[in-house]
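Enquirer: Sequence:
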Amino acid sequence: MIGILLFGVFAIFLFFGLPVGFSLGIACLAGCNYGEYPLSVMAQRFFTAVDSFPLMAIPLFMLAGALMSHGGITKRIIDFALCFVGHIKGGLGMVVAITGIIMGGISGSGVADAAAIGAIMVPEMSKRNYDRPFSGALCACCGSIGLIIPPSIAIIIYACTANVSIGDLFMAAYAPGIAIGIGFLIYCYIIAKVKNYPSGERVAKGETWKRFKDAIWALMMPIIIIVGIRGGIFTATEGGAVISVYGLLVGMFIYKEIKIKDLPAILLEAAESTATIGTIICATTLFSWLLTSEQIPAKITTWLIGLTDSKYVLLFLINILLLITGMFIDSGPAIMLLAPILCPVAQSLGVSLVQFGLVMVINLTIGLLTPPVGTAMYVGSNVSGVPIKDISKALLPFICIMFAVLMLVTYVPAFTSWAY
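Residue numbers (the numbering used here): 1 to 420.
Hints were generated in silico from the structure; no laboratory data involved.
It is possible that some hints are incorrect.
Stated by the list, open to error - Simulated crosslink set (DSS-like; lysine-lysine; CA at most 30 Å straight-line):
#1 193 to 393
#2 213 to 89
#3 259 to 75
#4 256 to 205
#5 389 to 127
#6 75 to 311
#7 205 to 127
#8 127 to 193
#9 127 to 210
#10 195 to 393
#11 259 to 210
#12 75 to 261
#13 210 to 389
#14 127 to 393
#15 210 to 89
Build the full structure now, drawing on both the sequences and the hints.
Expert: Written out as structure tokens, the structure is:
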């Protein structure tokens, strides 16, 4: 009964527009009262939730993303990508895909990347007669890759929730993230051929070298993260600190686009984002604890396993559940709500928690692009000025590409396990 109460109260307040963290908190308060748990449990669980060294990576990568956004890094990555594919049919669209892959390895935020890429690229694509629905959908999808390619905030949240190595998840996530990006590149080329989108001018070799030198500092950021974590030089949390300091130095002293007076606004932006996620982490930790105390995850595991004897059918059903969840709840709270319930199911099927973590993250990334709560979809609609119904149609081919990669991750463990 307490499980129905928790989910029911949460759904009601979420329906009326209350922020996710507060909706979860009120649901937990109702659950504690009904279950006769002392209210001191709420304070204890809230403190325990954020008293975690791995979770320190979240504010640090949030700060790195804010520094990147204000430091002129996006523009330099785009200029550099134009050197390689700008002259190809549909090359401008390919630039968006390449930029999404690179930026995903820096900021870790799909929505922030979608906004940053879209603000620059949609006007440029419109000048070259690209359809606005296609442009907005492409920017939304390529930005959303930031939720998959490390240092992804969603991956960090899952790792802390499921007690899995952040480093292993980071390394395993590159294959599906890059595979989705390559799928987008191929689709851009095909659609450009069909709709006769123009090609740009080939960049001279001298200009290519100049842009490379200008972008090298930006391109080094994901390399530092990969080499540092893979080489055991620093943990993912320490990597957040390293990349934040690096982003500050590059933005202030090399690109010179961050001034001392800009720092309070940048720090406030990172703090606000962290506070939002922190509130959700506290509430979902208590929510999960209440569910576990009532043995609800174990009951759901038994029920799901009893539905079918086929491992493959059960994995498909879990994917459908996650896809539907992603349509209504953002990735962070969805992971913290469902990981404690579904991870035991995955383990009972012989699926590694690293592989299952990527299944969850990719499903919820698709949720960023689907109504009614698809935040990246709304960003793509805003930057392109295209109604939701039009951009939703344009998103379908991209979602199909992501779903194909999702099936690979789900049913071919070697696709990700080779990396860790």
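Enquirer: Could you grab the alpha-carbon distance between residue 193 and residue 393 and see if it respects the 30 Å cut-off?
Expert: Judged against 30 Å, a Cα distance of about 19 Å means the pair holds.
Enquirer: Taken at face value, is the distance from the CA of residue 210 to the CA of residue 259 at most 30 Å?
Expert: holds (24 Å)
Enquirer: Check the hint pairing residue 210 with residue 389 against an upper bound of 30 Å on the C-alpha distance.
Expert: violated (42 Å)
Enquirer: Check the hint pairing residue 75 with residue 311 against an upper bound of 30 Å on the C-alpha distance.
Expert: Since the Cα atoms of residue 75 and residue 311 sit roughly 46 Å apart, the hinted pair is violated (cutoff 30 Å).
Enquirer: Can you confirm whether the C-alpha distance between residue 389 and residue 127 stays at or below 30 Å?
Expert: Satisfied, since the Cα-Cα distance of roughly 23 Å is no more than 30 Å.
Enquirer: Below or equal to 30 Å on CA atoms is what counts here, so check residue 259 against residue 75.
Expert: holds (18 Å)
Enquirer: Between the alpha carbons of residue 127 and residue 193, is the straight-line distance 30 Å or under?
Expert: holds (18 Å)
Enquirer: Below or equal to 30 Å on CA atoms is what counts here, so check residue 75 against residue 261.
Expert: holds (22 Å)
Enquirer: Would the pair residue 195 and residue 393 pass a check requiring their Cα atoms to be no farther apart than 30 Å?
Expert: Holds, because 16 Å separates the two Cα atoms, which is no more than 30 Å.
Enquirer: Are the Cα positions of residue 213 and residue 89 separated by 30 Å at most?
Expert: Satisfied, since the Cα-Cα distance of roughly 26 Å is no more than 30 Å.
Enquirer: Sort out whether residue 127 lies within 30 Å of residue 205, counting only the CA atoms.
Expert: holds (25 Å)
Enquirer: With the threshold set at 30 Å, check whether the alpha-carbon distance from residue 127 to residue 210 stays at or below it.
Expert: holds (25 Å)
The structure fails hints 6, 13 (numbered hints given earlier, in ascending order).
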